[in-house]
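Visitor: So the protein lines, in turn, are chains A and B. The C-terminal position of the first sequence is numbered 495 in my numbering, with every residue numbered one higher than the one before it. The C-terminal position of the second sequence is numbered 304 in my numbering, with every residue numbered one higher than the one before it.
Rather than coming from a laboratory, the hints here were simulated on the basis of the structure. Being a predicted model, the structure only gives us computed values, none of them experimental. A portion of the hints provided could be inaccurate.
As the list claims (entries may be wrong) - Straight-line distance between alpha carbons at most 30 Å, and here's what the computed DSBU-like set of lysine-lysine pairs gives: (1) K267(A) - K249(A); (2) K211(A) - K126(B); (3) K126(B) - K267(A).
To be verified - Covered, in the sense of this in silico footprint (three residues per stretch, anywhere, with C-beta under 8 Å from a C-beta of chain A), are these stretches of chain B: (4) 0 to 6; (5) 192 to 205.
C-beta: ideal position from N, C-alpha, C; glycine also.
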Amino acid sequence: MPEGTGTLGPTSEGAAPVAPSDAKGSGLDLIELTKVFPGGTVAVEDVNLHVDHGEYVVLLGPSGCGKTTTLRMIGGHEFPTRGDIVLDGASLVGLPPHKRPTTTVFQHFALFPHRSVVDNIEFGLKMHGMPKEERRKQAFDALRMVGLEELADRKPRALSGGQQQRVALARVLVTKPKALLLDEPLGDLDRLLQLRMRVELRNLQRQLGLMFVHVTHNQEEALSMADRIVVMNEARIQQIADPLTIAMRPETELVARFMGDNNIIRGRVTAREGDRLIVENGHVRASVRSSDDQPSIGDEAMVSVRAAAVQLSDGAARAQVNSADCEIVFVEFLGDLVKLHLTVGDERMLAKVPGDRYPSLRGREGENITITWNEDDGQLLRA
Amino acid sequence: MGNSSEREPVARLDVAEIEAAEEIVEQRPPGERALGEQVAAERDGGWITALWALPGFVWLGFFLIAPLVFIVLVSFWTYSLGAKSGFTTNWTLENYSRLFHDSTYWHNMLSSFETSLIVVAACLVFGFPVAYFLALKVENLRYQIALFVLALAPFWTSFLIRSVAWTYPLNYILAKVGVASFSTASVRLALIQLYILFMVTPLFFSLSQVDRAAVEAARDLGGNWWRTFREVILPQTMPGIVIGSIFVFVLTMGEYGTVLVVGGNKIQSVGTIVNSYIQLAVQYPYGAAAAVWMVLVLIAGVFVITRFSNLRQEL
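Required output: the full structure, derived from the provided sequences and hints.
Guide: Here you go:
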């Protein structure tokens, strides 16, 4: 199982908190991996990452952030401009895809349209020179694993999207790779099936004890599936941490924004008592703890507060810090919860409260409301 | 792969749960349609489409079916020197029985057939790399089109001019390297050049359709370049190969202009024979019978090509 490389709470190193392990060690290491495309576009820059066997790592980020290019470099479909990719002590960089012990589940499944389901699954074994009977047997084992034995002779186009996805999965697992690479594997599925496949895929990975590196732009998917999440933006790693930390303690503004439903309070540091800072702008004062001596008084600073950590204190007077008098702009009912869109001055704020409070909030647009949050829920962001 | 054979796939997806989710996703009330779908479904009673196809049918009927029918009819009529058209409408099988024993005709049929096969094979072998390069190696659509048009450029000149232009240099070079000029070899070489584009074009479109992700997947699953090509690219290119082969086969089988020009009147093909019956001997019924036989051989050839490749299934 994964070692606790991503610890709760902010790490001081920021962009590269996980030092690459010894090159002789086990697992996958990306070392200062960089990709510059012809024409000068920097797709991936100085990515350092260690992934253990049996670990489920999700590369998360907006489109164009370099996550897919990173995955393609691991799989051998893209050659790094600089840096190294080391699996169990051996560099993969010089190897073409067919000589790497990795396999990829492609975004749109990329099944072979002219081959039956079982022939699709057998393909990898055939390429590795396995005799026909043996590979048939293993292909059917894999088909049973994904529950498609009965459709073995169909052509891919005669299958539903979900079934095609399971064929794609069986096709790569049958080759027993050391690392499985998944490029937006659930992106083509309908939402309900997506939700189911998250659980199933994660379960399967646990049972197999295999290293999965999964690329997605879907925050929820990353949180639900990963042992560790690597958030990327503009070719660089923003934060590497377990899902709880990513959700609760975003380190950078980008992560806080990208994960969604975070209030970002921009202001200046006006006071400092030990490790406790006061950050304020014209409308809001927030207190927050800082692990080092940055920023100092007078510096610009950003504090993130999760919308779900914001409480409504109807009627109560506003507190000195970590509180704001807001105007309700929109009350959005989402079933399990209510999202309040608020403004304080020209700042926008968000609050998420349980759905059963909707009756007392419905129709109150234009009214004022006081919100508060705990100091512990404030998180100092790096720019 | 690796030494991880102890990791047997005992792991399993909970298929029942997945299928339950899939069932909900895929259920659709009967009669429900998306907006565009409804319009299409209501508009099309079948008659409108048929009406649109009518001019095409008339055109084909007049210019393709009618002459064919007429040729078949003439082939069963009687040659008569005195008649104004050169034949009378008395029914006879004489043309066919005479043709049956005409060894020159069948000899030429065979050599034309051989020439066609060689030209088809050569067009495939030389055309495939060109189409492959254009479709899969040139990434930029603009360059793709530019290069394709460039490949087309020789076809902007008339076929006769190209044939004539080919004749002397080709025969000169052939003579230099010790091959008889104005020979079957020079005709074949000319035909390959003249018809290769009919192969390259369908191959290009077929190759453009090949899912590049599937090619990547094949590489990923352990296929080297050659096996990826043979197992993934080639099977998906079958429709293009078949259509290109049909084009080149049919066109070269019936070819007589190039044969006359490049062969310098020394080489014969079915086409030149049929032409000589009609143009020189003015034996329309006999020429018609010869033409009918040629059409039958062509149909048989096309049938064999499509059978051989299972085109219906591929498309």
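Visitor: With reference to the structure, classify each hint as holding or not holding.
Guide: Do the hints match the structure? See the list:
1. K267(A) - K249(A): Holds - the C-alpha atoms of K249(A) and K267(A) are around 19 Å apart, at most 30 Å.
2. K211(A) - K126(B): Judged against 30 Å, a Cα distance of about 22 Å means the pair holds.
3. K126(B) - K267(A): It holds: about 28 Å lies between the C-alpha atoms, which stays within 30 Å.
4. 0 to 6: Coverage by chain A holds for the stretch 0 to 6 of chain B (6 residues, Cβ < 8 Å).
5. 192 to 205: Since three or more residues must qualify, the claim that chain A covers the stretch 192 to 205 of chain B holds, with 4 doing so at under 8 Å.
Comparing the model with each earlier hint shows no violations; every hint is respected.
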